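Peer 1: Chains A and B, in that order, give the protein sequences.
In terms of our numbering, the first sequence opens at residue 1 and continues consecutively.
In terms of our numbering, the second sequence opens at residue 1 and continues consecutively.
Source of the hints: derived by calculation from the structure; they are not laboratory data.
This structure is a prediction, so every number in the text was calculated from the model and none was measured.
Among the clues, some could well be false.
[What the hints assert, rightly or not] Straight-line distance between alpha carbons at most 25 Å, and here's what the computed PhoX-like set of lysine-lysine pairs gives:
hint, chain 1, residue 1, chain 2, residue 2
1, B, 41, A, 49
2, B, 55, A, 102
3, B, 66, B, 55
4, A, 102, A, 42
5, B, 64, B, 20
6, A, 102, A, 58
7, B, 66, A, 102
8, B, 64, A, 102
9, B, 41, A, 42
10, A, 58, A, 69
11, A, 68, A, 102
12, B, 20, A, 102
13, A, 102, A, 49
14, B, 55, B, 20
15, B, 14, B, 66
16, A, 58, A, 68
17, B, 41, A, 102
18, A, 68, A, 42
19, B, 20, B, 66
20, A, 42, A, 58
21, B, 20, A, 42
22, B, 14, B, 55
23, A, 49, A, 69
24, A, 69, A, 42
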Amino acid sequence: AQSVTQLDSHVSVSEGTPVLLRCNYSSSYSPSLFWYVQHPNKGLQLLLKYTSAATLVKGINGFEAEFKKSETSFHLTKPSAHMSDAAEYFCVVSDQNTGFQKLVFGTGTRLLVSP
Amino acid sequence: GAVVSQHPSRVICKSGTSVKIECRSLDFQATTMFWYRQFPKQSLMLMATSNEGSKATYEQGVEKDKFLINHASLTLSTLTVTSAHPEDSSFYICSAKIGRGIGADEQYFGPGTRLTVT
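Could you build all of it, start to finish, from the sequences and the hints given here?
Peer 2: Below, the structure written as structure tokens:
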């Protein structure tokens, strides 16, 4: 079965500094990987997705992630944090065993942004 | 586009009663919808996959007789928690997928429903 591990439950940054949210995946095949963001009382929003095209994926709101097969990683980065980036972030892999129907979520990383 | 709504956003019910949660795709037709459960400060766990016009497929450990799922139309799926107990209190989230078939099609998520059973 495929899985993802988010290495940090909380990440704290100051506004204007870089953001790094770490994610490692486990997969027997070439996975499809996603990052979703969850703001309080709002639905999950897709930030970006990797589906075996370019390894560097650019998403919304200035976020990007790089797929590194040799490291089995898909870390999420942003050059400069904004207060509005404070939220819960989920790294997600699609389960190839189910024809990519199902999403398997990581445990989440809460990003805290201080002024 | 691709908006998914859930109703109600919050519900409080007494132990032993049943609660129905609706998930609607507002501007697209969703052949497949998914129901997730999220405990406080935890990740989302898939409960079941629902295809329009057919029976839902439940994940291991999810009681299908307790969590009744109906996907009667291409824009509506409902989750009914029957004979609810306090341990069923949780955040329930639905998602909808456009189209069928193999492929990493994006899922669009609803805002969730907070269920509290007293």
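Peer 1: Would you mind marking each hint as holding or not holding in the structure?
Peer 2: Structure-based check of each hint:
Note on residue 41 of chain B and residue 49 of chain A: the hinted pairing holds, with a Cα-Cα distance of about 24 Å set against a maximum of 25 Å. Proposed proximity of residue 55 of chain B and residue 102 of chain A is supported: the alpha carbons are some 16 Å apart, at most 25 Å. A distance of roughly 15 Å separates the Cα atoms of residue 66 of chain B and residue 55 of chain B; the hinted pair therefore holds under the 25 Å criterion. In summary, the hint linking residue 102 of chain A to residue 42 of chain A is supported, as the alpha carbons are separated by about 21 Å, within the 25 Å threshold.
Proximity of residue 64 of chain B to residue 20 of chain B is assessed by CA-CA distance (about 14 Å); at most 25 Å being required, the pair is judged to hold. With a CA separation close to 23 Å, the supplied pair residue 102 of chain A and residue 58 of chain A stays within the 25 Å bound. Of the supplied pair hints, the one linking residue 66 of chain B and residue 102 of chain A holds, its CA atoms being roughly 22 Å apart against a limit of 25 Å. The straight-line distance between the Cα atoms of residue 64 of chain B and residue 102 of chain A is roughly 18 Å, inside the 25 Å bound, and the hint therefore holds.
Taken as a hint, the residue 41 of chain B and residue 42 of chain A pair is honoured in the structure, with Cα atoms around 15 Å apart against an allowance of 25 Å. Of the supplied pair hints, the one linking residue 58 of chain A and residue 69 of chain A holds, its CA atoms being roughly 17 Å apart against a limit of 25 Å. Between residue 68 of chain A and residue 102 of chain A the CA atoms are separated by roughly 22 Å; this keeps the pair inside 25 Å, and the hint holds. Restraint check: the Cα-Cα separation between residue 20 of chain B and residue 102 of chain A comes to about 23 Å, which is no more than 25 Å; the hinted pair holds.
Pair hint residue 102 of chain A plus residue 49 of chain A holds up; C-alpha atoms about 15 Å apart against a cutoff of 25 Å. Only pairs whose Cα atoms come within 25 Å are accepted, and residue 55 of chain B paired with residue 20 of chain B is accepted, the gap being roughly 17 Å. At roughly 16 Å between alpha-carbon atoms, residue 14 of chain B and residue 66 of chain B fall within 25 Å of each other, so this suggested pair holds. Among the hinted pairs, residue 58 of chain A with residue 68 of chain A is consistent with the structure: their alpha-carbon atoms are about 15 Å apart, no more than 25 Å.
Distance hint between residue 41 of chain B and residue 102 of chain A is fulfilled; the C-alpha atoms sit about 21 Å from each other, no more than 25 Å. A distance of roughly 31 Å separates the Cα atoms of residue 68 of chain A and residue 42 of chain A; the hinted pair therefore is violated under the 25 Å criterion. Proposed proximity of residue 20 of chain B and residue 66 of chain B is supported: the alpha carbons are some 12 Å apart, at most 25 Å. Using a Cα cut-off of 25 Å, the hinted pair residue 42 of chain A and residue 58 of chain A holds, with the two alpha carbons roughly 23 Å apart.
This hinted pair checks out: residue 20 of chain B and residue 42 of chain A have alpha carbons roughly 20 Å apart, not beyond 25 Å. Restraint check for residue 14 of chain B and residue 55 of chain B: the C-alpha separation of about 28 Å exceeds 25 Å, so the hint is violated. Proximity of residue 49 of chain A to residue 69 of chain A is assessed by CA-CA distance (about 15 Å); at most 25 Å being required, the pair is judged to hold. Proposed proximity of residue 69 of chain A and residue 42 of chain A is contradicted: the alpha carbons are some 32 Å apart, above 25 Å.
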